[in-house]
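Model the placement of chain B on the given structure of chain A, informed by the hints.
Chains as they are written, first to last, in this note's numbering: chain A, 1 to 195; chain B, 1 to 201.
Don't read these hints as lab results, they were simulated from the structure. Every residue, glycine too, gets a C-beta built ideally from N, C-alpha and C. One or more hints might be untrue.
Label pairs and their computed distance ranges (CB to CB) [stated by the list, open to error]: (1) A:A159 - B:L63: 34 to 40 Å; (2) A:A194 - B:W113: 55 to 61 Å; (3) A:G192 - B:L63: 56 to 62 Å; (4) A:L33 - B:A170: 37 to 43 Å; (5) A:W115 - B:L150: 20 to 26 Å.
Sample of chain A residues at the chain B side, in silico, Cβ under 7 Å [what the hints assert, rightly or not]: (6) A80; (7) P87; (8) L147; (9) V150; (10) A152; (11) P170; (12) I171; (13) G172; (14) I174; (15) A175; (16) A178.
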Amino acid sequence: MLMNRLLWIAGLCLLLAVNVQAHSAAEISGGFLSGLLHPVLGWDHVAAMVAVGLWGAFLGTPALWLLPVVFPLVMALGGALGLAGIPIPSVEIGIALSSLILGAMILLAAQPPLWLAGVIVAAFAIFHGHAHGTELPEAVSPLAYSLGFVIATGLLHLAGIGFGLLVRWPIGRIAVRAGGAVIALGGVFFLGNAI
Amino acid sequence: MRQYRLQRGCAAGALFCLPAIARAHSPMQGIGEFYGGILHPLMVPAHALALVLLAFLAGQGGLGAIRRCYVGFLPALILGLVLAGVGTSPESTLEPALLLVSALTGLLVVAQWRPPLPVFYAAGACVGLLLGLDSAPEGLQPGPAAASLLGTGLGAFAWLLLLADLSERARHHWQRVALRVLGSWGTASATLVFALGWLTP
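In isolation and in its complexed conformation, chain A is listed as follows (with noise of 0.2 Å):
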């Protein structure tokens, strides 16, 4: 009798669903957009990846594009670092801090050497990139949802640039500027958050 049971319950365990080999459309699709979205709904990333663009473009060419390309770069580091499980102290804190110091940098018309500048994007892009490479075991479709996810961020940079180009005018100028003091308040109350 007890064997009968034990037999029963074997079959039932074997009826147990199990993972979906596939690289079905839905599944990447999903993937992407999930990762597409990520970034967009975070509006620390998000004030830090604007001001990245909009730094870029207040800087001129070669900073307008090396910016942008320096860090999804990097990101993929810090995010190479989460996934290995290295801890970056104050993640949080980088973060709001990425927005307020580059938000200032807009705002003072900072313009340092084009590799002092780069330097401190890539720094931020370290703790930008170590948040998010820990979320990326979840992802359905991590390379899908990664390609999304960097996208959007190169996508916020584009709006950043677009925004920036207005510095060709002196009353665009101010409007930079002025978009940089945002994005500084804004680092002021995510480290507010933070700390």
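Using the frame of chain A, we list chain B on its own:
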């Protein structure tokens, strides 16, 4: 006795309900294996990324680089597809290898560094072989499997032709910058997922 017969009948019925692992490979239902194969390189993110970045790299190098890339790519792709068709591809290491190649190719695109022309034979052959090996049709009869492989081969080569030609035409400064930006996006994505595969348990 009658009770046991009933139990055995139920057990046999339940066995028919066993869920099998879904190994569907056609990226879209209803378009057939051949057309599914043509779309396959674009529907598998790792394949699409490797193809796009290789095309950008070749396009940046000019017509000579594109020709050498094709010469390396096509025979290696055919070899990879044949090996995949006969079931000798080591699937577990293929996607990480494709991602690694994509990350390196993307870095070259970002740097707009023109490697010596013979490098393009090797780059094309490397991506072609990995892509072919990773395109093994699963759970298909020999006829549809061959159609799927043929479609994948044609599709991959056609997409490479098209994308490399488009990127070769990028002459304006902003177009070349756009290629660099796209290269950085591809490299970042490939690096993240490569790290995910290697660094997480």
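Now for the hints, and whether the structure bears them out:
1. A:A159 - B:L63: 34 to 40 Å: Given a distance of about 36 Å, which is inside 34 to 40 Å, the answer is holds.
2. A:A194 - B:W113: 55 to 61 Å: 40 Å, violated
3. A:G192 - B:L63: 56 to 62 Å: With a Cβ separation near 57 Å, G192 of chain A and L63 of chain B satisfy 56 to 62 Å, so the hint holds.
4. A:L33 - B:A170: 37 to 43 Å: 28 Å, violated
5. A:W115 - B:L150: 20 to 26 Å: Since W115 of chain A and L150 of chain B have Cβ atoms about 51 Å apart, the given range 20 to 26 Å is violated.
6. A80: For A80 of chain A, the interface hint holds, since the closest Cβ of chain B sits about 4 Å away, which is under 7 Å.
7. P87: 14 Å, violated
8. L147: Hint holds; L147 of chain A Cβ to chain B Cβ min 5 Å, cut 7 Å.
9. V150: V150 of chain A check passes; min Cβ-Cβ to chain B is 5 Å, inside 7 Å.
10. A152: Result: violated, 10 Å to nearest chain B Cβ.
11. P170: The hint is violated - P170 of chain A has no Cβ within 7 Å of chain B, the shortest such distance being about 25 Å.
12. I171: 25 Å, violated
13. G172: 20 Å, violated
14. I174: 26 Å, violated
15. A175: 23 Å, violated
16. A178: With a minimum Cβ separation of about 27 Å from chain B (threshold 7 Å), the hint on A178 of chain A is violated.
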